[in-house]
Structure formats: C-alpha cells, structure tokens
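> Now for the letters of each chain:
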Amino acid sequence: MPSLISSLYVQAGAINAFEQAIAVSAANVSNASTPGYASQTQILVAMPEDISQGATGGVKAGAVVSSRDQYAEQAVRNQQTALGGATQSVNSLTSLQPLFDVTGASGISTALSSLYQSFAAWGQTPSDGTAQQAVLTAAGNLATAFQQTASGLTSAATTADEQLQQTVAQVNTLVGQLQQLNTLAMGGTGNDSGLDADMNATLENLSQYIPISATEQPDGTYTVLLGGQTPLVIGSQQFPLSFDLYQPDNATYPDAPPLAQIKASDGSDITGDITGGQLGALLNFRDTVLPSYMGDGNQAGTLNVMAQQFADTVNGILTSGNISDASADGSTPAVPGVPLFTYDTTNATNVAASLSVSSTITPSQLAAIDSGPPEVSNGIPLALTELENPQSSADQFNGESYTAAFGDMATQTGNLVNQATEDQQVAQSALTQAQNLRQQQSGVNLDQQAATLVEYQRAYQANAEMLTVLNQLMQDTINILEPGTA
Amino acid sequence: MKVDAASGLAAVRVEVEGACQALILASPEALTCCQRALERAAAALRQGQAAWDWKSAGEAARKEASRLQAVIRRAGRLLSSASNYHAGWLRILSVMTGGYSQRGEAACMPGLRRISLEG
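As you go down the protein sequences, you meet chains F and Z in turn.
Here this note's numbering is used: the first residue of the first sequence is 735, the next is one more, and so on.
Here this note's numbering is used: the first residue of the second sequence is 27, the next is one more, and so on.
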C-alpha cells in the first residue's frame, strides 16, 4: 500500500508541475505581442528518490525564469536613444533650411544680389533719382531679409524651448510611472511578468528621450539613472528634472538670447550629461546650433557679425565719398556722404534683427563722388559694386564675398541636415539589429552562447576586412570621378 | 559598349544594401551572406574602375557615388554596433562562466577582439 500511495503522490505532483508549465506557456502565447513582455520558462525540479528515507522522487514545479536579459535590453534602449536623438535633429535642423535659401528665390542671398545690381545701375547714372531710389529700396529689402532670418532663428529658439519644456514633462511623467511600478513591485511577490513587461516597455519608451541605464534590483524594482550618474528613480522615490533658461556668468554679451539648461532634482545643472535622445538633440540645437548663428552670452553669432560687417563696410564707403563737390571759390564746402544702414550698436547679438535703412536718408543724399585724387564722379557706386566680387580682404567676410559666405552658412545647415538624416537611417537599422540580437539571445543557454560567439568573432573579422577593402576601392573610385578630392 | 558609371555604382549600392540587411539580422548565417555581398560589391567596383564609362560620368555618377559612400558608412556602423554588442556580451559571459561550461568542462571562450575599420 505505501508504494501505491507514493506512486499516486508522485503522479499528482507531476500533474501539478506540468499544469503550471502549461500555464506559463499559455501566458507566453497570449502575451506574444504585449510591449515589453519577455517569454518565461517553468523550471521543473527532479525530487530525490530514496524509499528508505521516504523520498518518493518525481518532479515538482520550480522557479519561473524570465528569458529577459538586461544586457540585451540595455543595448536596445541605447539604440532607442540614438534614434530619438537623430529623429529630433532631423526635425529641428530641417526647420532652419528655409531661412538659408540660396536658390535665388528669396532671402538674404537674393536681396544681396539685388542690392549689388542697384549699385551697378546707380554707377551708370549717379545723379539719377530713380537709380538712387532703387538703391534705397534694395538696401531696405536686404535689411528686411536679415530681420526675417533673425526672426526665424528666434522663432526656432522659442519652438525649441517649448519642445524642451514638453520633453522634460514627458520624461517626468514616464519616470513617475516607473516609480509607481516600483512601488507595486515592492509590495508584490517579485515574479509578476505583467509588471515586468510594463517596466521594460516604459523604460524603452523613456530611452528615446534621454540616455538611461536601468538596473534591476533583487526586490524587482528598477533603479534608473540618467547619463549613468543622475538618479531618476530609486525604489519608490522619483527625482524629477526641470527646464530653465539662463545667461552664463561673466557673459561678454549680457543682452544675448539666453541658453537652455536642464536641472536635476537637487538643482544642479546636468545639461552636459544629456548627450543623446530627443532631449540631447534639442539641447544641442538650442545651445550650440542656434547660437552659432544668432549669438549667446559668449559669441555674437555669424548672422549678426555678417550683418554688422556688411553695414559698416557699405557705410564706410558711402561716408568716404561726397554728395556734392565744394564750390570752385571755396565758399561752399563739399557735402560728405551719410551712412545708409543703422543697427542696434548696444547689443552685438541684435544687429541682424535691428538692421534697417537710416530713416533720415533721402535718395539725393547717396554720395556718389569719390574725391580721390583723382576725383571720380561715380567712384562710390563702383566701389560698392565691387563688393560683389571683392579683391581686398577688408571687403570680404571670412576671406570670401558676402554672397559666398552666406552660401557657406546655407551649406553648413544643409550638411547638418544630411548628416542627421544619415544618422537617423543608421539608428533605425541599428535599433532593429539590437532587437534582433535580443531575440536571438533570449532563452539560449551559456554553452550555446559561447559556441555561437566563436562563429560571430570569425564572421566579424572577415566582414571588417572586406569592408576595409570596399572602403579603399570607394576612395579610388571617388578619385577617378573627382581627381584630388578623395 | 561601356556600362554607364552611375548604373554600375547603383548596382554596387544594391549589393551593399543587401549586406546592411544581413547585418541587421546579425545571425551567424546572415553574417556569412553579408560577407558574400561585400565581396561581390568589391569585385564589381574593382572591375568597374576599368570597365565603366568614366569619361562621360557626370552629376548622376557623383550623386550615386555619394549614395554608395553613405551605404558603406552605414554598413560599417552596423558592423561596429553588432560587434560591440557581442564583445560586451562576451565579457559578461566570461565572468558568468568563470571559464567553465555548465557541465564543468573548460569553456570554449574566444579571445576578445576589436573590429577596426579604416577609411
């Protein structure tokens, strides 16, 4: 009888164990498309069999093991961060492209060209009121083009500030959700696959905004750090971020547009730690890209420097000339030229936005006479016309004409967009790759992994060598197409 | 009649794009396919340097060369990211197994290598 009872006991235990295993499998199937879910395995434990000691053998249900691997999860999160950053960069930089139009249809480039044409026409008929008026009109259009570009940059900065505010709020919301899930985990059994799925889905969502590292704790909670050092959530405690605008200490240009910064919950500036994700890309756009054009506390900005230098050059040439000669008997002195452009001289970061044609100048006040010697009646318009293709370094901007320099700014913006677009494509592929690698690694035992890694090592080496060859061939091909450029 | 350089470069790009797709899958089998695709691309480019019509190559060929360069860069970055992933996993695995397999035998652990791409 004892052996029959033992046998029944073993059978019952086995049925119970397999019921649990089937339940785990069923959960895997029903959650196959649940975001963040990782398949689980029911471990079956063999029981000792020693009749003399009353151990009847059989099998019982052991622990339920998740196939989730934190290394693979972190790799996916890192690629989410890269993709989030690249996508944001494309969006932000693309918004700048219309401001730097070099197609000749609008903007500073077209206005510069029109102004040079008006100088040339004025040089043909220096006393003609219509030609003089055309110069004033073209100068006004150029000033307006500078103002509009500056206004567009300011608008882009305002949009970036709003996006930064919204992104920080979104980050805090997601971290708040993690804090609530941590609280649930602390009160649970530590083996809740649904909770674990929610945690990981939220972490993956969060990683597109900021670079994070997440560590699973023995109690099932996650400790999440930003940039590897700033705590966002530890157990049931959340550390919210905040967004702020500031002017750097000892700023050279104290009236310049402020910079954006992100603060940790203790008030410390952690802007420099946020190098990736949507937030990192927005900060780079707001604090590096835009200031290079519009200035900040420590730089005037290329657009402002260009506007000021152009205005000063034109004004300098005009004021060196005369509107009319002195009378032959000397009773009436020569009337010197007056400046054409005005701008805010108190703030070097506001030149482009404030550039305008002097409100007091009239067409007849445009000085055409270069007093020489020898005196040239249309010397000033001719000198102004030469600005289009300047020979003197004093009439150039960064060693080239103003038109070419503005074209360089446009090219720089275009290159940034192209680079960001390429980064976005690579990041999208790298994310899919990381998700595939996570899938491949899921549930594979250590011995299998070690054997597979040997294969990988060989394959990577061979592919790297092949790619190096291809790279060299590509350089040679570029040399054939454009000798000397590769 | 010589093959137009832009068309030749486009065909090479298709091969490298195939290599990128294999790198995205990143299984040992896919990496073998990737290597073959890169070999085909390199062979086609090498032959093309002598065979394609470079004299009349214009803007279209330059644009195609630029696209091909971008795809090669993309392949390089995908290869690096997959290689870095497995190098990191190898470090963890080395620590986890302590040099032994689960049966207590000496584990077959490849040495750590870094992929270095030039160009």
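Some hints here could point you the wrong way.
[Said to hold, decoys possible] Only part of the chain Z face toward chain F is listed, based on derived beta-carbon distances under 7 Å: (1) Ala70; (2) Ala96; (3) Arg103; (4) His112.
[Said to hold, decoys possible] Covered stretches of chain F, as calculated for chain Z (at least 3 residues, CB under 8 Å): (5) 1109-1118; (6) 1136-1145; (7) 1153-1167; (8) 1196-1203.
These are computed hints drawn from the structure, not numbers from a lab.
Beta carbons: idealized from backbone N, C-alpha and C, even for Gly.
> Next, verify each hint and record whether it holds.
Hint check results:
1. This hint is violated: Ala70(Z) has a C-beta 9 Å from the nearest C-beta of chain F, more than the 7 Å allowed.
2. For Ala96(Z), the interface hint holds, the least distance from its beta-carbon to any beta-carbon of chain F being 6 Å, beneath 7 Å.
3. With a least beta-carbon distance of about 5 Å to chain F, the hint placing Arg103(Z) at the interface is held under the 7 Å criterion.
4. Interface restraint check: His112(Z) against chain F, minimum CB-CB distance 5 Å, threshold 7 Å, status holds.
5. Under a criterion of three residues with beta carbons nearer than 8 Å to beta carbons of chain Z, the stated coverage of the segment 1109-1118 of chain F fails, only 0 such residues being counted.
6. For the segment 1136-1145 of chain F, the stated coverage by chain Z is not satisfied: 0 residues place a CB nearer than 8 Å to a CB of that chain, which falls below the threshold of 3.
7. Proximity of the segment 1153-1167 of chain F to chain Z, defined as three or more residues with a beta carbon under 8 Å from a beta carbon of that chain, is established by the 7 residues found.
8. With a threshold of 8 Å between beta carbons, the proposed coverage of the segment 1196-1203 of chain F by chain Z holds, since 7 of its residues qualify and at least three are required.
Hint violations for this structure: numbers 1, 5 and 6, all remaining hints satisfied.
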